[in-house]
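J.: For reference, the chains in residue letters:
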Amino acid sequence: MRRRAGAHVAVMLTLAAVLITGCGGGQASTGSPDKHGDITIWYSNNEQELEWGKQMVEAWNADHPDEQITAQEIPAGSSSEAVIGASIAAGNAPCLIFNTAPVAVAQFQKQGGLVNLSQSFDDAAAYIEDRSGDLASQYADADGDYFQIPWKSNPVVIFYNKEMFAEAGLDPDKPPLHTYDEFLDSARAIVDSGAAPYAIYPSPTSQFFQIDIDFYPLYAAETGGTPLVEDGKATFADDAGERVAEFWRTVYDEGLAGDEIYQGDAFADGKAAMAIVGPWAVAVYQDLDWGSVPVPTSKGTPADEIWTFSDAKNIGLYTACENQGTAWDVVEFATSPEQDGKLLELTGQMPLRRDLAEVYADYFDENPAYRAFGAQTARVVEVPNSPNAVAMLQKLRDAYTGAVVFGNGSIPDALRQAAAAVDDLAAQP
Amino acid sequence: MTTTAARDIPRHSPNRTRLHRVLGANPLGIAFSAPYLVFVAIVFAIPFVSSIWMSFHDFFFSAPGADVDHAFVGLANYQAVLTDPAVWQAFGNVGVFLLINVPLTVVLALLLAFQLNRVVHARTFLRVSFYVPYVTASVAVVAVWLFLFGGDGLVNQLLGPIAPEPSWLVNPVLAMPTIALFVTWKQLGFYILLYLAALQNVPKELYESAATDGAGRLRQFLSVTIPSVRPATLLVVLLSTVTGANLFTEPYLLTAGGGPNGASASPVLLVYQKGIEQGTPDVAAAIGLILVVLVLIIALLQRKFVGGENS
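Protein chains in written order, with this note's numbering: chain G, 290 to 718; chain U, 1382 to 1692.
Everything labelled a hint here was simulated from the structure, so no lab data went into it. Incorrect hints may appear among the rest.
[What the hints assert, rightly or not] Derived CB-CB ranges, DEER-like: (1) N697/G x L1677/U: 31 to 39 Å; (2) L1535/U x D432/G: 53 to 61 Å; (3) L1463/U x N697/G: 22 to 30 Å; (4) Q357/G x S1443/U: 23 to 31 Å; (5) V1674/U x L339/G: 41 to 49 Å; (6) H1451/U x E362/G: 30 to 38 Å.
[Stated by the list, open to error] With the C-beta cut set under 8 Å, the calculated list includes, among others, these residues of chain G facing chain U: (7) G401; (8) Q408; (9) P465; (10) T494; (11) E549; (12) S625; (13) A680; (14) Q683; (15) G691.
Note that the structure is a prediction, hence the values are computed from the model and not measured. Where is the CB? At the ideal position from N, CA and C, for every residue including glycine.
So that you can see chain U by itself, here it is in the shape it has in the complex (with noise of 0.2 Å):
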């Protein structure tokens, strides 16, 4: 019975040729994996996509039937974007906030991770500390922050006379590295755990044959620990830059609108305010997208140095 239905059937009609080119082999596939696409469609590919067409446009958030003429502006927001000295300050300090917090993260979270890993006693209890600043929300430990590094915080206590003045979070020079020394504190513990993950699947073999050729364990950790865990460490590199780069929740908490005069502002934080708070999205979107081009370069620079031959 089966056999002769299938006979029926032409083999290769031209309608299901078609639905089988669009659909693919497995078009249940796309059901299974359509959530996400959705997903990932309504957070990301509409609204970059939006973000594109309103840089070009004169653009405002308006009501639903108000008659506005969203008219095509060409380079007009990016060139009042590129005139503005309180962008490029941005972009500044956001620079030097991942040449400190890049770096500073990997060397860490290596370093850590690589104690940890060797740590019989209370792990649990070591692995839960590092994580807990990563899980908990920036507001409430700012506040800790703000008591750690104000003018009569216990650092400059510590320092005693040679406390730097202005104070660390209203000094142009200090804000961004304060701001990028929290960072790198708060997200730490998450990156721990991904060169622990890595730190897992080293060899032990690796480090016996190193030892049998006589290396120490210093000579160990450059020679096996460091090449070993070069995937993880490209990933760090990369995370760490894609949200350094999106630095918002900080300067706008710790310094409370990129103070002093701008010296912790950041394109992100300058988004918010042209975008949401001073009513020009079409400016905010120029900037945003600027970032994404500047980030996307870092990445596959990072991509290219530090993944080496197989990234």
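Isolated chain G, as found in the complex (with noise of 0.2 Å):
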């Protein structure tokens, strides 16, 4: 009898995973360099990007009749990464995907589904070194192939309430946040003077992410650039990691910024005075009387020495697309300095194009809330370019948020255990 039942089951599990292997999987995909056709992409769903989106395909739709695109928002999920990354696993992404973050490039690239553009299309690196110059290199693999084409950043700076500062009784017009203890005299006269209930508020919850806002652009900045991750070894465990880590522990020690989750946007609800942030912020706090300096130094570095983070989104051309060819031909459309143009024009946000200032200056001096976002463009450092860089970046998170948000033990040892775990996982494939 039993036998018998486990024959029905064996029967069973055959049966679905006929069915599963019929309905799933994808099949690999027989595109080439060389094919021209069709293509399908995916953007953004943020109200300007899709503006920007629609208006570039309307127009190389307009002249490729042979070669038309079909574009859609990027399919809703926790995360665009993880809908990227199921869609490899599944064989059906798309050609392009406008919002491929650096993040998760070498991850899809490990599991395949990205297009090594070095060495497909002779002209790749050449294109892509020449439009973002020295900035290109944050991009490529350790070997020096291209698997994706930097295409905008919004490098993060400090917005300021101007009336939360004049009622603070600090200059609103050159308010003293160069170094860390101009930023922190200034943080104490706004909570003091209660003028709002915090100075900043960061999100200091445990998302890998959230050091890219507090930690990571104070780091950049305080060593000129240091990327978290060189040559394959985590450096923030340093005197100006210590440095940095210490200011933020500081902040939160004393109150000046919230420890808790916060429901909305601290810097519109008048929560907080300032706000780390990138250009996307100049149309989100339009209501607002807000000021933009760049991210304090311990020494106070001159404004256009400054680095940050670069908060960058690029382009990616999936191995499951068919016509690649096509697909090429579309990103050098997409990021010629007519389309950069009007990215930056109907986004604000910035392309990755070196000499930005200069070669969009008309459209600088029409919108000078943009013009600090343009400088700050050539001096942005980018996330780990590693299968493993969301690990390395949750390890530092729960080392930052457990020492510096919460105060638990040294800063130093945090920052050694953290640097330690990173070091383990650049040697890992």
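Grab the two chains, each in its own frame, and use the hints to assemble them into the complex.
T.: As structure tokens, this is what we get:
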């Protein structure tokens, strides 16, 4: 009787396996760099980028009747990276995704999901380096090959609320926010005067990407552009890293920043007088009287020498694409001076193009609010280009939230332990 | 005619016997049970077997046709998991969660169901009221709890000077108990319904006999109600343990990633981080399987000690 039941289950499992095999699992792509024809692309779902994307597709399609683009927003999911990763595994990724996060690129590359542009297209490396200049090298893999096209950055700076600064007795036109001491004194003045409950409110949560908004910009500024991982070794457990962490720990210890999740936008809601933001903030905070300054350093580095985090989004060409030749042509079209200008105009985000401030001087003259961001684009650092980048950032974030946000243990020890874990991850394939 | 045909066919042809052995006496039964078996196979059996395989290999999700070698790595993934302090912390956290959530769920659900069973007026309204949090998405009710248990929240305002510092959800000691409280409140309606169904089956004669023997209400509750709903209690204990061990949404939303400092991280949250975010589903599978084994052990112990002789 038992043997018969086992036979039944075996029959059903075989049937289910056949069903799954039949329904799931994509087919290997037969795409090649020489093929031309229709392609599909995905772009971000924010209003401004949609407007840019639609006009770009319209302009391309009008001139290429035999190579039409079908475009759609990235499907909804817990994150764009999770959706893209799943589409790679399923074999149904589009040809191009205009919102590929650099932190996930090496992982997608390991999955076999991204086309090696340097090997597939003769002019790709030269095109990327010519357009983005020295910054391009941050986006090459260990062998110097490009699996992503550096597209746009959102260099982060500090926004401050001029009214709150004035209320706290601080000069709203020349706020003392250059050194750590100045920043802390200004922050104390804001909280003590009651101008705002908190001076600043970076997200205190444990999500890996939050490290890019508090620790990393200040570390980049303090070190003159040292990335978190260089030559396969963590860099942040050094004196500069300790100074940055001590600065933030003082901010939290003295209650100058909130350590709880804030449901909403603390800067917009008047809960905090400062925020660490990218150029997207210009449009978001247009109802506030704000000013902007670069992130502080311990010694008050001049503004034109300050580095920060890029918060870039790039373009990926995916191996599931049949007509990869057309896809590359679309990349060149979408990152042309004309389309980069439109991206700047419609979204306020900075194309990763060298000499941006000079190339689009007219735009920055007409939109002075974006000038600081334009100048900053030449001095941005990127997340580690490793398949374990997310795990590395998570290790650092865990150490940071423990030692800095919640003040547990010694900062040097926490940074050293995180650095050792990151070194291990960097050594893994 | 029929009789003739029946005589012509050998009664035990070898093919038919083999088919009969595989398909059973009622082959049609397979057709009726097939949809559910296929469902179980697709959503449970095959993924479960796959995850066992993944946990012993160097596995990551790859594009179809990609030249990838998923090498056998033995226990390396389990070693990575068991030497990671974050994993131990997450299992400890979920242990704390279960120690609070399961007993609280059983006691509150039974007491409330007992009272609801006696209520005459507004019975439907009360039952629906308890059930509403269960059917409401966690995302929607989390905001309310953040409002209640935030530093400036209602609870702290009521507590005044005795409010905990740091506040509930950023306090390493209180974060997990607060989440356990939230989950207990949210799931309670479902378990109340289970107990209500069980209470309908308790014979009234038992209460009458107990009353005749001089038992008061408390004695009736202890000596009649609790033993009579024992099978339901076992079900509540098992279900709350299994769902509690799979805790994910609440730490993901209430403490945004298991904070403070990992104090509310759960094993399933780590599975998400490692399997989806960090691209190491092999390590995530090892965590998942360790969790399955632990839950099975706990469930067997619960069945033995809560279920009684008939379990």
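J.: So, for every hint listed, does it hold in this structure?
T.: Cross-check of the supplied hints:
1. N697/G x L1677/U: 31 to 39 Å: holds, 35 Å
2. L1535/U x D432/G: 53 to 61 Å: holds, 57 Å
3. L1463/U x N697/G: 22 to 30 Å: Distance hint for L1463/U, N697/G holds at roughly 24 Å.
4. Q357/G x S1443/U: 23 to 31 Å: With a Cβ separation near 30 Å, Q357/G and S1443/U satisfy 23 to 31 Å, so the hint holds.
5. V1674/U x L339/G: 41 to 49 Å: Given about 48 Å between the Cβ atoms, the range holds.
6. H1451/U x E362/G: 30 to 38 Å: Roughly 33 Å apart at Cβ, these two residues keep to the hinted range, so it holds.
7. G401: holds, 3 Å
8. Q408: violated, 15 Å
9. P465: violated, 28 Å
10. T494: Holds - the Cβ of T494/G comes within 8 Å of chain U, reaching about 4 Å at its closest.
11. E549: Because about 5 Å separates E549/G from the closest Cβ in chain U, which is inside the 8 Å limit, the hint holds.
12. S625: violated, 29 Å
13. A680: Where the cut-off is 8 Å and the nearest Cβ of chain U is about 4 Å from A680/G, the hint holds.
14. Q683: With Cβ-Cβ at 7 Å, under 8 Å, it holds.
15. G691: Holds. Min distance 4 Å.
Consistency note: the structure conflicts with the earlier hints numbered 8, 9, 12.
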